[in-house]
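Using the hints provided, position chain R relative to the given structure of chain V.
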Amino acid sequence: VTASRLETELPQPLKYPFNEESGLAIDPGYAAARARDGLTRVQLPFGRPTWLVTRYEDVKTVLSDSRFSRTGALGPDEPRILAYMHRPDTLLNMDPPDHTRQRRIVARAFSQRRMERLRPRIEAIAVELFDGLERRGGPVDLFEAVFRSMPTLVICELLGADYADHTRFHEWGVIMGSTEASRYTQEDIRRADAELRAYLAELAELKREQPGEDLMTTLVQAEAGESPLTDADVVGLAWSVLLAGIGTTTNMMANSAYLLLSDLGNMRLLRDRPELVDSAIEEMLRHTPFTVGSLFPRVALEDIELGGTLVHAGETVLPSLMSANRDESVFADSGTLDLTRSQNPHLAFSHGIHHCLGSQLARAQLQVMLRLLVERLPGLHLVDPESVPWRRGVTLRGPSALVVDW
Amino acid sequence: VTALDSDQAWDVTVDRTVCIGSGVCVGMAPDAFRLEGGRSRPVREHGVPADQTVLAAAVTCPALAIEVRLAGSGVVIAPEEAADG
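Sequences listed follow chains V and R, in order.
Using my numbering, the first residue of the first sequence is number 1, and each one after it goes up by one.
Using my numbering, the first residue of the second sequence is number 1, and each one after it goes up by one.
Worth flagging that the hints you see were computed from the coordinates, not collected in a lab.
We put the beta carbon where it would ideally sit given N, CA and C, even for glycine.
Some hints here could point you the wrong way.
Some chain V residues flagged as far from chain R (calculated, every beta-carbon gap over 12 Å) [unchecked claim]:
| id | residue |
| --- | --- |
| 1 | LEU10 |
| 2 | PRO11 |
| 3 | ALA35 |
| 4 | GLY38 |
| 5 | PRO45 |
| 6 | GLY137 |
| 7 | GLU195 |
| 8 | SER262 |
| 9 | GLY308 |
| 10 | THR336 |
| 11 | GLY358 |
| 12 | VAL403 |
Some, not all, of what chain V presents toward chain R, calculated at C-beta under 8 Å [claimed, not checked]:
| id | residue |
| --- | --- |
| 13 | SER64 |
| 14 | ARG67 |
| 15 | GLY352 |
| 16 | ILE353 |
Derived Cβ-Cβ restraints for the label pairs, each shown as a range [to be verified]:
| id | chain 1 | residue 1 | chain 2 | residue 2 | range |
| --- | --- | --- | --- | --- | --- |
| 17 | V | ARG121 | R | GLU80 | 20 to 26 Å |
| 18 | V | ARG183 | R | ALA9 | 55 to 61 Å |
| 19 | R | ASP7 | V | ARG392 | 55 to 61 Å |
| 20 | R | GLY47 | V | ASP188 | 53 to 59 Å |
With the rest of the complex left out, here is chain V (with noise of 0.2 Å):
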């Protein structure tokens, strides 16, 4: 598919990412493109200028509609903030019906009543990592001592992977996640990326032979199924899962402790109210604009009215769920955090064939810890509020450390 008309015809582009790197800000350019007529064109880092997607009926739209394909706006054209080009052999970037069977194979393992069997493991693992803190007394960094332990212990115990690995899996993800303002070079990425399959594939081997009770071992033994996966299927849904579930879950671990943590009067409500808990955590995810801006465009795979604009076949556009989020027509005073928000139909899993594979497992992680933060550690506050240091060349926008005492 080719576009069919020239830049030249369309809208100045805006330089995009709208949002700054550091601390939770959204930036006013969503509720600007919200409000304008048609679809706002951006310039992205990478590839061509797309069609930026803001309002929360048009993102939905574009998210289960088949007419928008993922896999066909992959590409060194495809507009990106990542650093790392996409491949088409990642379940992310499937469209049906390879994504369809993939996904049916791998949703056994992140099925409801899966992570219901999950939840005593993820409460333990949790348990043990306070028991750890009080233990040791503060002043100590949340983000080392328990955001990134437990989504890494969570996913291993998953996967079927050693722990002892956990901080190669940690440097990988970090480099993999890389945007332009990253460090790393694109020969760090792509031999992170190498390093990573190449473990995988050994892990595949290990659990071929010494078959276990974790999602690897149904990977492999699906190689011999009814709709048998290839070694290079096994090693790229493992890839998925090891990249999606650390790093995200470990980002919103942080975001939420921060948001607690920088407003006591919202840690209060939690402390005196913890039933609100789960809610909390819906909100936060509603509300915090947790990527720097939106990593997963479109292309129309004919001509298709979107939210006041014709995009022509062969032109891409992107939804942005922070900005869907945020939108005031579905959620009144879209921009206030509150925590007992009860009707919250948020994107922040995004919607569709797509919807996040792990959200149950997210959620249960978040509900565990924030409940314990609550809980357990009565005095909690952050050593130092005014210098909260936050992630810098990477996708994902968060401190990347939370010093606190109790």
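For chain R alone, kept in the frame of chain V given last:
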């Protein structure tokens, strides 16, 4: 029941109290599901013609809110009670 007989007819239900409105089913099987008030509903509940994408939607639903049964008999076709599920 694992083999897919294309002559089969199915009953499809969505537990709307469990549905989280992820839209996975609507994206995967747009002819069989639609969103109504943010939650999924089968387009047809009875006599749904056998279709792999409907099974895929039932298996991949993050909330396991979808059930597919053989019409009339009540035999559950998906999601299967897998050993690891």
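Outcome of the hint check:
No beta-carbon of chain R comes within 12 Å of the beta-carbon of V:LEU10; the shortest separation is about 28 Å. The claim that V:PRO11 is not at the interface with chain R holds, since no C-beta of that chain comes within 12 Å of its own (minimum 30 Å). Against chain R, the non-interface label of V:ALA35 holds: every CB pair exceeds 12 Å, the least being about 24 Å. With a least CB separation of 24 Å from chain R, V:GLY38 remains clear of the 12 Å interface cut-off, as annotated.
The beta carbon of V:PRO45 is kept farther than 12 Å from every beta carbon of chain R, the shortest such distance being approximately 29 Å. V:GLY137, annotated as away from the interface, keeps every beta carbon of chain R farther than 12 Å; the closest lies near 39 Å. Separation of V:GLU195 from chain R is adequate, the least Cβ-Cβ distance of about 29 Å exceeding the 12 Å criterion. The non-interface label for V:SER262 is consistent with chain R: the shortest C-beta to C-beta separation is roughly 29 Å, beyond 12 Å.
Every C-beta of chain R lies more than 12 Å from that of V:GLY308, the closest at about 22 Å, which supports listing it as non-interface. No beta-carbon of chain R comes within 12 Å of the beta-carbon of V:THR336; the shortest separation is about 21 Å. For V:GLY358, the shortest C-beta to C-beta distance to chain R comes to about 9 Å, within the 12 Å cut-off, and the non-interface label is violated. Non-interface status of V:VAL403 relative to chain R is upheld: no Cβ of that chain comes within 12 Å, the nearest being about 35 Å off.
Annotation: interface hint on V:SER64 holds; nearest CB of chain R at approximately 5 Å, less than 8 Å. A least Cβ separation of about 10 Å between V:ARG67 and chain R goes past the 8 Å threshold, and the interface hint is therefore violated. Given the 8 Å rule on beta carbons, the hint for V:GLY352 holds: about 4 Å separates it from the nearest Cβ of chain R. Satisfaction of the interface hint for V:ILE353 is found here, the shortest Cβ-Cβ separation to chain R being roughly 4 Å, below the 8 Å cut-off.
Distance hint for V:ARG121 and R:GLU80: a CB-CB separation of about 24 Å, consistent with the stated range 20 to 26 Å. V:ARG183 and R:ALA9 have their C-beta atoms about 60 Å apart, which keeps the hinted 55 to 61 Å range intact. Between R:ASP7 and V:ARG392 the C-beta distance comes to about 60 Å, which sits within the given range of 55 to 61 Å. A C-beta distance of roughly 57 Å is found between R:GLY47 and V:ASP188, which places it inside the suggested range of 53 to 59 Å.
This entry does not satisfy hints 11 and 14, going by the numbered hints stated previously.
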